[in-house]
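2 protein chains.
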Amino acid sequence: MPSSPIAIVGATGDLGFGLALRLAHAGTPVVIGSRDAQRATEAAERVVAAVPGADVRGAANPDAVAGAEIVVLSVPFASQASTLRSLRDALTPGQLLLDVTVPLATAVGGRPTRVLSVWQGSAAQQAQELVPAGVTVVSALHTVAASHLADLGHAFEEDVLIAGDDRDAKARIAALIQQIPGLRPIDAGKLEMARITEQLTALTIGVNIRHKATAGLRLTGLPDAGSWG
Amino acid sequence: MPSSPIAIVGATGDLGFGLALRLAHAGTPVVIGSRDAQRATEAAERVVAAVPGADVRGAANPDAVAGAEIVVLSVPFASQASTLRSLRDALTPGQLLLDVTVPLATAVGGRPTRVLSVWQGSAAQQAQELVPAGVTVVSALHTVAASHLADLGHAFEEDVLIAGDDRDAKARIAALIQQIPGLRPIDAGKLEMARITEQLTALTIGVNIRHKATAGLRLTGLPDAGSWG
Numbered sequence: 000m001p002s003s004p005i006a007i008v009g010a011t012g013d014l015g016f017g018l019a020l021r022l023a024h025a026g027t028p029v030v031i032g033s034r035d036a037q038r039a040t041e042a043a044e045r046v047v048a049a050v051p052g053a054d055v056r057g058a059a060n061p062d063a064v065a066g067a068e069i070v071v072l073s074v075p076f077a078s079q080a081s082t083l084r085s086l087r088d089a090l091t092p093g094q095l096l097l098d099v100t101v102p103l104a105t106a107v108g109g110r111p112t113r114v115l116s117v118w119q120g121s122a123a124q125q126a127q128e129l130v131p132a133g134v135t136v137v138s139a140l141h142t143v144a145a146s147h148l149a150d151l152g153h154a155f156e157e158d159v160l161i162a163g164d165d166r167d168a169k170a171r172i173a174a175l176i177q178q179i180p181g182l183r184p185i186d187a188g189k190l191e192m193a194r195i196t197e198q199l200t201a202l203t204i205g206v207n208i209r210h211k212a213t214a215g216l217r218l219t220g221l222p223d224a225g226s227w228g
Numbered sequence: 000m001p002s003s004p005i006a007i008v009g010a011t012g013d014l015g016f017g018l019a020l021r022l023a024h025a026g027t028p029v030v031i032g033s034r035d036a037q038r039a040t041e042a043a044e045r046v047v048a049a050v051p052g053a054d055v056r057g058a059a060n061p062d063a064v065a066g067a068e069i070v071v072l073s074v075p076f077a078s079q080a081s082t083l084r085s086l087r088d089a090l091t092p093g094q095l096l097l098d099v100t101v102p103l104a105t106a107v108g109g110r111p112t113r114v115l116s117v118w119q120g121s122a123a124q125q126a127q128e129l130v131p132a133g134v135t136v137v138s139a140l141h142t143v144a145a146s147h148l149a150d151l152g153h154a155f156e157e158d159v160l161i162a163g164d165d166r167d168a169k170a171r172i173a174a175l176i177q178q179i180p181g182l183r184p185i186d187a188g189k190l191e192m193a194r195i196t197e198q199l200t201a202l203t204i205g206v207n208i209r210h211k212a213t214a215g216l217r218l219t220g221l222p223d224a225g226s227w228g
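Residue numbers (numbering that gives the first Met the number 0), protein chains in the order written: chain A, 0 to 228; chain B, 0 to 228.
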């Protein structure tokens, strides 16, 4: 794991908060970023309340991002572009951006079971276009429920599909994912495959509504240890 | 199950043949359709060789389709539209068409890990536009490997995502799927969700190539019996 804390931009939202909680629980230092430093600090305090002694602090987004080897971007699609533009001076070459954005149609008042068509092909590819040169984007975590992340008592037994163009970057994200017991990282291919993996959020939201359940995804027929065993 | 045989248009192909074999093995009468009646008959003979006593025969596509309550369309995307146009006079109101077509980019010489954008949104929605009024289209079976269907010794433990606008039609396809042990039918929503489910073929093909494996899909957190328990 990196020696610097994992920065999570948008950890005041459900998925980002759940991820912060799980990583903190695994002993990984986390910096929670928000546009509002005060809200970030409050979220960090909530993590520490659930995981006493956790190395978690809050900061305004640019401060959270500065110096982090891995930055997680977990904001609504409607905010993705503006957030990345606001971070252009804070992000630096060599950083790894884990984008978990999903272009749900809710961004324009539509249904959460539908997605928007993104000109670049996917939210992750839009992110790659908006980050400074030298920042590598990896896409993942579209089928893991925020509520399951936030519930430390929930035992996962599901997969995380990881898409990205850089093998080493994907391996680093896989190692991050493996800190959460029961999540198996699977190499889903190049970053362009986010066109498919992002849509799985809309699919699972529909399935969840129909079944009053919280679904996750598992691929059968693969090595038990996943792609990075 | 319907009293008439299941017609499988394109059962000389891998997926259609595997499905014919599995349904025949379950005791369901099948008519294998092909443009060439002789090839259809040969495929039927191969099924009977594997499942002695099976009620399977071959016929030219229009003859295979005539009178079938359920017609499975299992042809390459490049042939989907022309096949459906050739069947316009054979298909009749009240019939149910199970479309398993995937708009893989191979249809235009591209990669099997990429999909084409279909004007109607998905191959299944294109099918709905091309069938006569009164024929209901349901979409499914995009993540079940043809090689696993063709291997009667393979024990499935995976899901089949079913998309369609008609609840009763989806339930009838679910019952068909349930004839194959270990396949759990899941209601994936309206036919438009085929925009997502069809793409899962490209995703799993990529995963298979990368892992030298044969992946299937399973959703966690749902009722053991699936959507039609």
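Hints listed in this document are in silico derivations from the structure and should not be mistaken for laboratory results. Note that beta-carbon positions come from the ideal geometry of N, C-alpha and C, so glycine has one too. Misleading hints may appear alongside valid ones.
Non-contacting residues of chain A with respect to chain B, defined by C-beta distances greater than 12 Å in every case (computed) [said to hold, decoys possible]: (1) 2; (2) 26; (3) 27; (4) 40; (5) 51; (6) 87.
Okay, the calculated bits of chain A under chain B, using three or more residues with CB under 8 Å as the criterion [claimed, not checked]: (7) 71 to 83; (8) 220 to 226.
Each hint tested on the structure:
No beta-carbon of chain B is positioned within 12 Å of the beta-carbon of residue 2 (chain A); the least distance is around 30 Å. Distance check for residue 26 (chain A) against chain B: the nearest CB is about 26 Å away, which clears 12 Å, and the non-interface claim stands. In this structure residue 27 (chain A) is separated from chain B by more than 12 Å, as the shortest Cβ-Cβ distance comes to about 24 Å. Every beta carbon of chain B lies more than 12 Å from that of residue 40 (chain A), the smallest distance being close to 33 Å; the non-interface claim holds.
For residue 51 (chain A), the non-interface assignment is confirmed: its Cβ lies about 29 Å from the closest Cβ of chain B, beyond the 12 Å cut-off. No beta-carbon of chain B comes within 12 Å of the beta-carbon of residue 87 (chain A); the shortest separation is about 31 Å. Evaluation of the coverage hint for the segment 71 to 83 of chain A: breached, as 0 residues show C-beta separations to chain B shorter than 8 Å, against a requirement of three. Requiring three or more residues with a Cβ within less than 8 Å of a Cβ of chain B, the coverage given for the segment 220 to 226 of chain A holds, as 4 such residues are present.
Comparing the model with each numbered hint stated earlier shows that hint 7 is the single one that does not hold.
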